[in-house]
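Novice: Build out the structure end to end from the sequences listed, making use of the hints.
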Amino acid sequence: VCRVQLEVEKPASRPGGPLSRHEAPGELRVSRAVELLLHAETLLLQRRDGRRRANRMLLQESIDCLEELVLIPR
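The sequence shown: position 53 = 53 (this note's numbering), numbered continuously.
Hints in this document: simulated from the structure, not taken from any laboratory. Errors might be hidden in some of the hints.
Unchecked claim - Distance ranges between label pairs, derived from CB positions:
| id | residue 1 | residue 2 | range |
| --- | --- | --- | --- |
| 1 | A33 | L59 | 32 to 42 Å |
| 2 | E68 | A40 | 41 to 51 Å |
| 3 | R3 | E41 | 51 to 61 Å |
| 4 | I63 | L43 | 24 to 34 Å |
| 5 | L69 | R47 | 29 to 39 Å |
| 6 | N55 | A33 | 26 to 36 Å |
| 7 | D49 | P73 | 36 to 46 Å |
Given the structure is predicted, the values throughout are model-derived calculations rather than measurements. Think of the CB as a built atom: it goes at the ideal place given N, C-alpha and C, for glycine as much as any other residue.
Specialist: Structure below.
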């Protein structure tokens, strides 16, 4: 889990070392968080589209099989 920190002004150096507040472990810059979220969204949409395409092909195969059936009324 990461926290996102909005950068309003230039961050000050931490007294304990050279890492600034936005570089602390477990935290991300807003721009980096947006980049990661957009990448994750792209992957999810690609996966969804792949599943839809596979389902559409299965449905079409089922329809083709049904069209080949000859129905005999009783």
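Novice: Determine for every hint whether it applies to the structure shown.
Specialist: Taking the hints in turn, this is what the structure says about them:
For the pair A33 and L59, the supplied restraint of 32 to 42 Å holds, since their beta-carbon distance comes to about 38 Å. Checked against the hint of 41 to 51 Å, the C-beta distance between E68 and A40 comes to roughly 43 Å, which is consistent with it. Roughly 20 Å separates the CB atoms of R3 and E41, a value that falls outside the hinted 51 to 61 Å. Hint check: I63 to L43, Cβ distance near 31 Å, so the stated range 24 to 34 Å holds.
Between L69 and R47 the Cβ separation comes to about 34 Å, which falls inside the hinted range of 29 to 39 Å. Against the hinted window of 26 to 36 Å, the Cβ-Cβ separation of N55 and A33 comes to about 33 Å, which satisfies the hint. Under the hint 36 to 46 Å, the C-beta atoms of D49 and P73, about 42 Å apart, fit the expected range.
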